[in-house]
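> Each chain is listed here by its residues.
2 protein chains.
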Amino acid sequence: MGRRQRQPRPRLVAALHAVQRLPEERFEPERPLWIAAFMDEEGTRFNAALFGSRAFTGGDVTALGERADADGITLRQAMAAAGFDLAKAGDADRVSEVGAYLELHIEQGPVLDETGTAIGVVTSIVGLRGYRVRLTGRANHAGTTPMQHRRDALAGAARIALELREAARAREAVTANVGKLTVEPGGANVVPGVADFTIDVRATTAAAMVELEGLVEATVARIAREEGLEPTVERTFALDPLELDPDLVDVVERAAAAAGASSMRMPSGAGHDAMLVGRHVPAAMIFVPSRNGISHSPDEYTAPAHVELGVTVLANALRELLGTGRG
Amino acid sequence: MGRRQRQPRPRLVAALHAVQRLPEERFEPERPLWIAAFMDEEGTRFNAALFGSRAFTGGDVTALGERADADGITLRQAMAAAGFDLAKAGDADRVSEVGAYLELHIEQGPVLDETGTAIGVVTSIVGLRGYRVRLTGRANHAGTTPMQHRRDALAGAARIALELREAARAREAVTANVGKLTVEPGGANVVPGVADFTIDVRATTAAAMVELEGLVEATVARIAREEGLEPTVERTFALDPLELDPDLVDVVERAAAAAGASSMRMPSGAGHDAMLVGRHVPAAMIFVPSRNGISHSPDEYTAPAHVELGVTVLANALRELLGTGRG
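Keeping their order, the protein sequence lines are chains A and B. To convert, take the position in the first sequence, counting from 1, and add 28; that gives the numbering used here. To convert, take the position in the second sequence, counting from 1, and add 28; that gives the numbering used here.
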């Protein structure tokens, strides 16, 4: 949920609270119930995102053991120092024992907060393509090189960033971002000869993802040609979108209604453990609002009343999934 | 002309050659003739551009003595180590003894090379305004923040760079450049919350310069407002344009014609020693082609035949300025 080691774990606490309610309500589940606390969803320390759910779903995480943190300590060393053996991570592969998966999370976006909606019923998790692009033009004197003679790498990057933004704005549930950009040589009086930047595009369906891929490649190629720039494009990351299980999504929606909570269906723009687990078993997610859409920041905040509603919705959904019981 | 310490000094050699021709042609000047080799026009080592011509025109250069190079050596120390005393730099103030000033230079731009013209008759030296701009939006998750909720500082910077480029393209002898740009926090999956960049605009007339200043300020303010960004704009550099002396410009043009050289009138987009000297006495400049417009680079090249034509034009101009002689 957050990236600091010692912050509270509201998701885990919320799951415990939800499960605690079942015996209080004299509900007896017909099936076993697990509470999962997956390690290092964000993966910020070792750049090994979704470590816990990767191991749980049978992914080979031993290859991540050599990834090092900022101090040069590897994941393998850190695990050993805490009394764990990376070689045994395969023991965590138990997804085949699970029938369904629910995840409660803050939205990390502004939609619920701005619309005053208490519960987000997540229908899909976006797919993602990451690119690293280099445009090479010609560095030149900013005063003596007439405008029509320039091969300005930054101008090309600027056009690409703005065109992709327009393309994303014109589509449903699509985002495009240029988050990292550097120019060379980087002198105030020099036309930029090289621009290096990232592109991050996301969409909720496989078809939209394919369209976006083509759009990124065509936009970079066309603008580079028009600006007299040499492009190189490297795809650095690819994760396909995941449709969450329609029946489970309905369960969550009913659970929100039973709690008297306002709700809306929405995609998730961020990756989650559900993204991996949901490729193996039916999965759904419950979102609660993040104030101002802020996350990964000391300003991240979700009101206690919203957390409590989330817990209630989770408990309601568990009751439906685990059997009628005697409640 | 170049920025490395030990490269040849073609301007000085060309001036010596031109002056050498006069007695060879039995020409006797009616007025004295000085050859000037101004120190450190570029000012790259100590960030003290035009040091020599500043001192020659009575500018206070002692304040530059504390500027240090990359190794921490100050200009004052470097001068002392070479046997010079910065305190005596005022002795160089002798512009009042000069009647006219001619400067031979490579174009540092592509116009002569591309048009196949041998001599550029410089009519003016551009004025320059430099700015440092910061746009502050809101860093946010690139996946979970819908497009319409973003306050993307890089998008604002991209629009400003492209609009100023269009404005410069639509005008005569105007340039605009964004040469330096950084974004924060600079993560591929984070909407940029801050963009810092430079703007460099140039024009050849005072009126155009005033219009450009207004345009820069209005463009930054409008786009920042439209994008929901907070702008701060700092003007870091201001140098007014200089019209070269019309009579001396005519002298140079006639000198080119007398040499049988093709010529064209053109502004200079770069600053030169003539920019300071020309504020005190009539000044003109002669340009020779730079291959591909390249300068300040190991690839800088001017063909020997072009240098020789430049020397001939300079000698022709000197004959007209210094009296009819007996040639």
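No wet-lab data here; the hints were simulated from the structure. Quantities reported herein were computed from a predicted structural model and do not represent experimental measurements. Watch out, some of these pointers could steer you wrong.
For identical chains, the list gives no copy identity; a pair is met inside one copy or between any two copies.
Claimed, not checked - Computed cross-link-like contacts, SDA-like style, restricted to lysine to any residue with a CA-CA straight-line distance of at most 25 Å:
#	residue 1	residue 2
1	Lys208	Glu254
2	Lys208	Pro138
3	Lys116	Ala289
4	Lys208	Val261
5	Lys116	Leu40
6	Lys208	Leu350
7	Lys208	Leu50
8	Lys116	Thr90
9	Lys208	His177
10	Lys208	Thr164
11	Lys208	Gln176
12	Lys208	Leu44
13	Lys208	Leu190
14	Lys208	Glu53
15	Lys208	Arg187
16	Lys116	Gly80
17	Lys208	Arg160
> For each hint, tell me whether it holds in the structure or not.
So, going through the hints one by one against the coordinates:
| no. | hint | verdict |
| --- | --- | --- |
| 1 | Lys208 with Glu254 | both (23 Å within a copy, 22 Å between copies) |
| 2 | Lys208 with Pro138 | within (23 Å within a copy, 32 Å between copies) |
| 3 | Lys116 with Ala289 | neither (43 Å within a copy, 83 Å between copies) |
| 4 | Lys208 with Val261 | both (15 Å within a copy, 22 Å between copies) |
| 5 | Lys116 with Leu40 | within (24 Å within a copy, 76 Å between copies) |
| 6 | Lys208 with Leu350 | neither (46 Å within a copy, 59 Å between copies) |
| 7 | Lys208 with Leu50 | neither (47 Å within a copy, 60 Å between copies) |
| 8 | Lys116 with Thr90 | within (9 Å within a copy, 71 Å between copies) |
| 9 | Lys208 with His177 | between (27 Å within a copy, 19 Å between copies) |
| 10 | Lys208 with Thr164 | both (17 Å within a copy, 15 Å between copies) |
| 11 | Lys208 with Gln176 | between (28 Å within a copy, 20 Å between copies) |
| 12 | Lys208 with Leu44 | neither (39 Å within a copy, 52 Å between copies) |
| 13 | Lys208 with Leu190 | both (14 Å within a copy, 18 Å between copies) |
| 14 | Lys208 with Glu53 | neither (51 Å within a copy, 64 Å between copies) |
| 15 | Lys208 with Arg187 | both (15 Å within a copy, 16 Å between copies) |
| 16 | Lys116 with Gly80 | within (13 Å within a copy, 73 Å between copies) |
| 17 | Lys208 with Arg160 | both (9 Å within a copy, 20 Å between copies) |
Going down the numbered hints, you'll see the structure goes against 3, 6, 7, 12 and 14, while the others check out.
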